[in-house]
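**Student:** Sequence:
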Amino acid sequence: MVKPLKIALAGLGTVGAGVIRLLEANAALVTARAGRPLQIVSVSARDRNRDRGVDISAYGWVDDMTLLAEDDAVDVVVELVGGSDGPALALARNTVARGKSLVTANKAMIAHHGMELATAAEASGSALKFEAAVAGGVPVVKGLREGTAANEIEHIYGVLNGTANYILSTMEESGADFATTLSDAQRLGYAEADPTFDVEGVDAAHKLAILASIAFGAKTDFDAVVCEGIARVRAADIAQADALGYVIRLIGTADAEVNNDGARALLQEVKPCLVPKGHPLSHVTGATNAVVAEGNFSGRLLFQGAGAGDGPTASAVVADLIDIARGEAGPAFSVATSELTALPPAEVGHRVGQTYLRFTVTDRPGVLAEITAAMRDAEVSIESLIQQGRANHGGEVLVAMVTHHGPESAVAKAVDLLKDSDSLTTAPLVMKILES
Numbered sequence: 000m001v002k003p004l005k006i007a008l009a010g011l012g013t014v015g016a017g018v019i020r021l022l023e024a025n026a027a028l029v030t031a032r033a034g035r036p037l038q039i040v041s042v043s044a045r046d047r048n049r050d051r052g053v054d055i056s057a058y059g060w061v062d063d064m065t066l067l068a069e070d071d072a073v074d075v076v077v078e079l080v081g082g083s084d085g086p087a088l089a090l091a092r093n094t095v096a097r098g099k100s101l102v103t104a105n106k107a108m109i110a111h112h113g114m115e116l117a118t119a120a121e122a123s124g125s126a127l128k129f130e131a132a133v134a135g136g137v138p139v140v141k142g143l144r145e146g147t148a149a150n151e152i153e154h155i156y157g158v159l160n161g162t163a164n165y166i167l168s169t170m171e172e173s174g175a176d177f178a179t180t181l182s183d184a185q186r187l188g189y190a191e192a193d194p195t196f197d198v199e200g201v202d203a204a205h206k207l208a209i210l211a212s213i214a215f216g217a218k219t220d221f222d223a224v225v226c227e228g229i230a231r232v233r234a235a236d237i238a239q240a241d242a243l244g245y246v247i248r249l250i251g252t253a254d255a256e257v258n259n260d261g262a263r264a265l266l267q268e269v270k271p272c273l274v275p276k277g278h279p280l281s282h283v284t285g286a287t288n289a290v291v292a293e294g295n296f297s298g299r300l301l302f303q304g305a306g307a308g309d310g311p312t313a314s315a316v317v318a319d320l321i322d323i324a325r326g327e328a329g330p331a332f333s334v335a336t337s338e339l340t341a342l343p344p345a346e347v348g349h350r351v352g353q354t355y356l357r358f359t360v361t362d363r364p365g366v367l368a369e370i371t372a373a374m375r376d377a378e379v380s381i382e383s384l385i386q387q388g389r390a391n392h393g394g395e396v397l398v399a400m401v402t403h404h405g406p407e408s409a410v411a412k413a414v415d416l417l418k419d420s421d422s423l424t425t426a427p428l429v430m431k432i433l434e435s
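Mind the numbering: the sequence shown is residues 0 to 435 in numbering that gives the first Met the number 0, read in order.
Calculated from the structure, these hints are not laboratory results. Fair warning: there could be bad hints in the mix.
In silico DSSO-like links for lysine-lysine, alpha-carbon gap of 27 Å or less [said to hold, decoys possible]:
1. K431 - K412
2. K276 - K418
3. K412 - K270
Using the sequences and the hints, build the whole thing.
**Tutor:** So, in structure tokens, the structure goes:
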């Protein structure tokens, strides 16, 4: 009889319970595709007696999850607890140090400690898999690591956070402002009680750092990701973008570039952008994730699907387990960690494109002239400009403009020239326009 792959499972929340349900529902199919059965032998979670909607009585219970890997019968540990440090990291380190394979959905841990864990896994001959850490059930990690292995990736970008995308696309449909839409999303369960990581772009930045490493052969560098969230996007911005032929999406972008000193560098940024309505990402609505990768021979590839949820994420976890059961390990980040390069952050000022700027200003004569003078002095050419009526009874008005193609450094200079202006009631909102 073929020996089963024996699994220890840490975390019995939504995804952990989903893994159990999937393995039960698709047992015959999974066994056929893996070449042997996948068998959970032990589990660990905070509360042994909580009702999770699945039967765990057949599995051994381990109170201290960090000890799951110490059972000689266990071949692979699945970590679904979360958190960049703490027990999850202790378990991960213990697992790979003992030569056992690790499957995780923990994007924060991989973004911060992926290099360490991958190096240790290579040294011990074990596998490190994290398909579920990026875009839930969308096989983008596997697609980049294997499907585009023969390509030089020129550009990677996408919608990497479902909560932020749900909020923005709902604002489009309803015309409501950010605060109202966020509150509704929390009530409906689309946003956490503390939505900071989602709406400020941190969650997307974790995912982007992982994708950039795989795509460009770079060591993960989460601290170098420039991150800006969606909390400052107003309903008026959504409406203005629509009138101009765009939608607003929180976009994570990574590019390998050459700095002015000739050194190869890595651009990583998460920012709200205007996306042309004809672009594939403009049609990504709700809690969906989508990643675009452009290879020098494959051309543009689009990976799209559910970015979270028990079913899609469990699907990604079990897909990694099937690979391990087949003996398909390979380097976690596409190449051995010794081949990964520490790339400095890219200089962005020379990048050329169009920009949307929105100014919230006091309603008095001369303000528009002040703004356009700053644009002139910074050598920013304006393609279109709209001054809206009063936004509220406080006498504020909105001035929105779209620039012609030009260097980002010029836009930054114009904003800097206006930073001490008494006419501006808040800092300008600056959003790049994604090329179609």
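**Student:** K276 and K418: Cα distance at most 27 Å?
**Tutor:** With Cα atoms ~32 Å apart, K276 and K418 exceed 27 Å; violated.
**Student:** Holds or violated: K431 with K412, Cα cutoff 27 Å?
**Tutor:** holds (15 Å)
**Student:** Mind checking the alpha carbons of K412 and K270 for me, to see if they're no more than 27 Å apart?
**Tutor:** It holds: about 19 Å lies between the C-alpha atoms, which stays within 27 Å.
Hint compliance for this structure: hint 2 is the single one not met.
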